[in-house]
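K.L.:
The residues making up each chain are set out below.
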Amino acid sequence: MPFWWWLQKRVYFNFILRELTCVFVGVFAVLTLLQIQALANGPDAYAEFINRLRTPGLILFNSVGLAALLLHAVTWFKAVPTTITVRFRETRVPDHVIAGLHYVGWMVVSAVVAWFLWPS
Amino acid sequence: MAETIKLTVSRYRPEEESEPTFQTYDVPYNKEWVILDALNYVKDQLDGTLTFRWSCRMGVCGSCGMMVNGTPTLTCAVPLSDYVSSEPIRIEPLQFFPIIRDLVVDMNSFLGKLSSVKPWIIRDDEKPPVEGEYRQTPAELDVYKQFSMCINCMLCYSACPVVGLEPEFTGPAAIALAQRYNLDSRDQGAAERMAVLNEHEGMWGCTFVGECTNVCPKNVDPAGAIQLYKMASATDWFKSVLLPWGSKK
Ligand code: SF4
Ligand code: FES
Numbered sequence: 027m028p029f030w031w032w033l034q035k036r037v038y039f040n041f042i043l044r045e046l047t048c049v050f051v052g053v054f055a056v057l058t059l060l061q062i063q064a065l066a067n068g069p070d071a072y073a074e075f076i077n078r079l080r081t082p083g084l085i086l087f088n089s090v091g092l093a094a095l096l097l098h099a100v101t102w103f104k105a106v107p108t109t110i111t112v113r114f115r116e117t118r119v120p121d122h123v124i125a126g127l128h129y130v131g132w133m134v135v136s137a138v139v140a141w142f143l144w145p146s
Numbered sequence: 325m326a327e328t329i330k331l332t333v334s335r336y337r338p339e340e341e342s343e344p345t346f347q348t349y350d351v352p353y354n355k356e357w358v359i360l361d362a363l364n365y366v367k368d369q370l371d372g373t374l375t376f377r378w379s380c381r382m383g384v385c386g387s388c389g390m391m392v393n394g395t396p397t398l399t400c401a402v403p404l405s406d407y408v409s410s411e412p413i414r415i416e417p418l419q420f421f422p423i424i425r426d427l428v429v430d431m432n433s434f435l436g437k438l439s440s441v442k443p444w445i446i447r448d449d450e451k452p453p454v455e456g457e458y459r460q461t462p463a464e465l466d467v468y469k470q471f472s473m474c475i476n477c478m479l480c481y482s483a484c485p486v487v488g489l490e491p492e493f494t495g496p497a498a499i500a501l502a503q504r505y506n507l508d509s510r511d512q513g514a515a516e517r518m519a520v521l522n523e524h525e526g527m528w529g530c531t532f533v534g535e536c537t538n539v540c541p542k543n544v545d546p547a548g549a550i551q552l553y554k555m556a557s558a559t560d561w562f563k564s565v566l567l568p569w570g571s572k573k
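Top line first, the protein sequences correspond to chains F and S. Letter by letter, the first sequence follows residues 27 to 146 of my numbering. Letter by letter, the second sequence follows residues 325 to 573 of my numbering.
It should be emphasised that the hints constitute simulated quantities derived from the structure, not laboratory data. Built from N, CA and C at the ideal position, the CB exists for glycine as well. Some hints here could point you the wrong way.
[As the list claims (entries may be wrong)] Taking CB as the label site, the calculated pair distances span:
| no. | chain 1 | residue 1 | chain 2 | residue 2 | range |
| --- | --- | --- | --- | --- | --- |
| 1 | F | Val106 | S | Gly488 | 20 to 30 angstroms |
| 2 | S | Glu339 | F | Phe29 | 27 to 37 angstroms |
| 3 | F | Ala99 | S | Met382 | 39 to 49 angstroms |
| 4 | F | Met27 | S | Ile424 | 20 to 30 angstroms |
Kindly generate the complete structure, drawing on both the sequences and the hints.
P.N.:
Set out below in structure tokens:
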């Protein structure tokens, strides 16, 4: 297999993209933990953290990160119904229902996190 | 409308050449034909030395799989007309398998992998035939039916980059077949199969590229079967760690 095998087909390339974008999921998780820590350290520490986030470099970094994270989430949720088969009254729950429930869960968790961390 | 169509076919005659080469043939363009018909025209009318496998011509025997324009394809199931705009049509043997001659590949590694997952009904205690068959409801059949439709065409192996990178990987069809028996209400061999497949070259070799499912001509969804298997294995592991009585075996 040549090193560039993942450029041979779009499906392979999409797969590599899905796998690599998981790095940004990790970066965002660390960032959120730091934000929670700043929140726990009091209003001044939190304000300082938010100000740092507003610097152009971090805005750019986070914008790229957000795009990668969205791509990861959407491609992952597309794949999820394949990994989970739920049967209800002897029929298989359709894929879009399983994917839809994941989106709902994502929105609910995001709303809760935003409620805590959104700077007032 | 084109009257002829060009096929560029991979040739490999081990007694004559050390590497496969390409040979181009002009065949009549017939809208009713599938790719296999065009190859049979070459074999019957132009060049009797061209070697390839086929049998049923109706998508059942699984022997006519080849790479068509770089994609693993069941050549008796795709019309020639689908490719008329991408002439010449490139036909090669299934990739990631050793080539024996022309379009014929060596299936031995695949057959070994298939039998390694014990694809038959395993019972703890076999009852004597006089006691009758093991019965099953339509709903129980429905749970595994999709995974039982496999015709062993090996397209999924040729589509899978992991098979190319790690030839030891058990691969899509064999794991899907193991899952077919695990989900069968008459079977009691899941733990035995898990011992074989819970290895790096078993189900965990799969990185979920998903192309196996895309190329499968029978909608078996081998990628789905493998992910379900991983879920079952992970659940088993959690149960065995968290609950002293949780492990099945
Ligand atoms: S799972 Fe599909 S592609 Fe793979 S061998 Fe079976 S029928 Fe062919
Ligand atoms: S010839 Fe049997 S599947 Fe194509």
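K.L.:
Tell me, in ascending order, the numbers of any earlier hints that this structure violates.
P.N.:
none
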